[in-house]
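Asks: Take the sequences, apply the hints, and build the full model.
Chains as they are written, first to last, in the numbering used here: chain A, 1 to 215; chain B, 1 to 139.
Be aware that one or more of the hints could be misleading.
Stated by the list, open to error - In the DMTMM-like style, the derived pairs of lysine to aspartate or glutamate whose C-alpha atoms are separated by at most 25 Å in a straight line are:
1. B:K134 to A:D82
2. A:K108 to B:E62
3. B:K17 to A:D79
4. B:K64 to A:D89
5. B:K134 to A:E128
6. A:K108 to B:E81
7. B:K134 to A:E121
8. B:K134 to A:D89
9. B:K64 to A:D172
10. B:K12 to A:E200
11. B:K111 to A:D151
12. A:K173 to A:D138
13. B:K125 to A:E181
14. B:K111 to A:E200
15. B:K17 to A:D82
16. B:K64 to A:E200
17. A:K112 to B:D90
Because the hints were derived from the structure by calculation, they are not lab data.
Bear in mind that the values here come from a model prediction, so they are computed numbers and not experimental data.
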Amino acid sequence: MQTAQLKAVPRTETGTRVSRNLRAAGQLPAIIYGHGQTPEAVTVGTRALLAVLGHGARMVEIELNSKKMPYLIKEVQYDHLDHLPIHLDLTRVDLDERVTVLVSIELKGTAKGVNDGGVLEQIMNEIELDCLVTEIPDTLQPFVTDLGLGDALLVKDLGLPDGVTTSVGMDDKVAMVREAEEEEETEADADGEEAAEMPEIVGRVRSEEPEEDKK
Amino acid sequence: MAMMPKRVKWRKSHRGKIRGQATSGNSPAYGEYGLQSLHPGWITARQIEAGRIAATHFLRREGKIYVRIFPHKPVSSKPLETRMGKGKGDPEFWVACVREGTIMFEIAGVKEELAREALARVAHKMPYRCRFVKRRLGL
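Replies: If you want it as structure tokens, here you go:
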């Protein structure tokens with residue numbers, strides 16, 4: 001768990017046009033809320049934020065109005081290509097507070113079953129954890145090397161750190177090694193049948209279906 | 001066989017407008033890697049099938065391929081040497097409407113280099129520019 005540093009500037013103007021201009025100037029609109037106080041609109045540097053996110057940090061220490069306070073990154077909104085951030089949500093937190101966060105699961109190693117012709121399928125990509133704000137894990141990295149064909153990695157096998165709990169069922173599957181499915185290859189007959197066949201029309205009896213052109 | 005709906009409410013549909021950016025379905029959901037469209041438009045059922053086969057052949061039995069788009073839209077055309085009028089033509093093929101940012105294919109359970117190569121082969125079958133994307137870990 002890392003705490004990164006960021007600088008923020010209070011923002012008085014809001015709205016689409018203002019936000020777009022900010023983004024074009026390398027700044028990112030953000031909002032700070034929580035603890036029953038009034039929300040504050042702020043601006044942070046996009047490059048600085050990308051560096052923070054690149055290191056997997058969840059907690060940031062933000063200098064705002066020459067005062068440093070810890071904040072939790074609640075959500076990052078991305079553009080339509082899911083590439084660049086367009087907005088940031090920050091919440092006020094106390095360092096002894098418990099929070100619920102989504103943490104991603106990154107499987108490590110090659111499963112035994114994969115060498116026997118299976119396919120490792122990750123069913124759960126992220127998990128909801130309840131922990132102290134200072135103890136949020138960056139990612140969970142369970143090893144899957146012991147998984148044979150048909151074996152599954154369960155939530156209880158994730159080895160959650162001490163003091164970290166989850167609301168997800170302990171017997172829920174995180175990943176599983178399945179047998180590889182045979183993909184049908186019907187390249188040839190695709191051309192012939194495609195034009196001829198038409199889907200069934202809802203509410204119409206088959207016999208009266210070809211209501212061909214009333215030429 | 002190329003994909004098309006099993007049942008439809010209407011045989012023919014309007015062309016509609018091809019525009020906009022993807023607000024959902026724009027990040028990998030099932031696999032670790034995906035192929036994202038960088039242009040809005042129609043992808044025909046045959047192009048989807050060609051892409052799927054290209055990836056399947058390359059990966060052999062490794063990994064799993066997910067096709068995230070489905071050709072719901074019938075496109076009609078008139079026969080050759082037909083005079084104008086006399087109503088709309090018959091449905092000829094089916095298309096999926098994609099927007100800028102739509103994830104079209106995903107691959108799970110293989111190494112990145114293999115997924116990159118497989119999706120490059122799929123991209124060659126697509127009518128628009130595409131890019132390779134990875135699932136984001138964390139925020």
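Asks: Does each hint fit the structure? Answer for all of them.
Replies: Here's how the hints hold up against the structure:
1. At most 25 Å may separate the alpha-carbon atoms for a hinted pair to count; B:K134 and A:D82 meet this at roughly 10 Å.
2. A C-alpha spacing of about 18 Å is found between A:K108 and B:E62, which places the hinted pair at or below 25 Å, so the restraint holds.
3. For the given pair, B:K17 sits about 22 Å from A:D79 by alpha-carbon distance, which is consistent with the 25 Å threshold.
4. A C-alpha spacing of about 35 Å is found between B:K64 and A:D89, which places the hinted pair above 25 Å, so the restraint is violated.
5. Between B:K134 and A:E128 the CA atoms are separated by roughly 21 Å; this keeps the pair inside 25 Å, and the hint holds.
6. For the given pair, A:K108 sits about 62 Å from B:E81 by alpha-carbon distance, which is inconsistent with the 25 Å threshold.
7. The hinted pair formed by B:K134 and A:E121 meets the criterion: a straight-line CA distance of about 16 Å does not exceed 25 Å.
8. In summary, the hint linking B:K134 to A:D89 is supported, as the alpha carbons are separated by about 23 Å, within the 25 Å threshold.
9. Of the pairs offered as hints, the one joining B:K64 and A:D172 holds, with about 21 Å between alpha carbons and a cut-off of 25 Å not exceeded.
10. At most 25 Å may separate the alpha-carbon atoms for a hinted pair to count; B:K12 and A:E200 meet this at roughly 13 Å.
11. Between B:K111 and A:D151 the alpha-carbon distance is near 20 Å, which keeps this suggested pair within the 25 Å criterion.
12. Straight-line distance between C-alpha atoms of A:K173 and A:D138 comes to about 21 Å, which keeps the hinted pair within the 25 Å bound.
13. As the CA atoms of B:K125 and A:E181 are separated by approximately 23 Å, the hinted pair is consistent with the 25 Å bound.
14. With a C-alpha separation of about 41 Å, the suggested pair B:K111 and A:E200 falls outside the 25 Å cut-off, and the hint is violated.
15. A C-alpha spacing of about 23 Å is found between B:K17 and A:D82, which places the hinted pair at or below 25 Å, so the restraint holds.
16. A C-alpha spacing of about 30 Å is found between B:K64 and A:E200, which places the hinted pair above 25 Å, so the restraint is violated.
17. A hinted pair counts as satisfied when its Cα atoms are at most 25 Å apart, and A:K112 with B:D90 does not qualify at roughly 53 Å.
Against the hints set out earlier in the document, violations occur for numbers 4, 6, 14, 16, 17.
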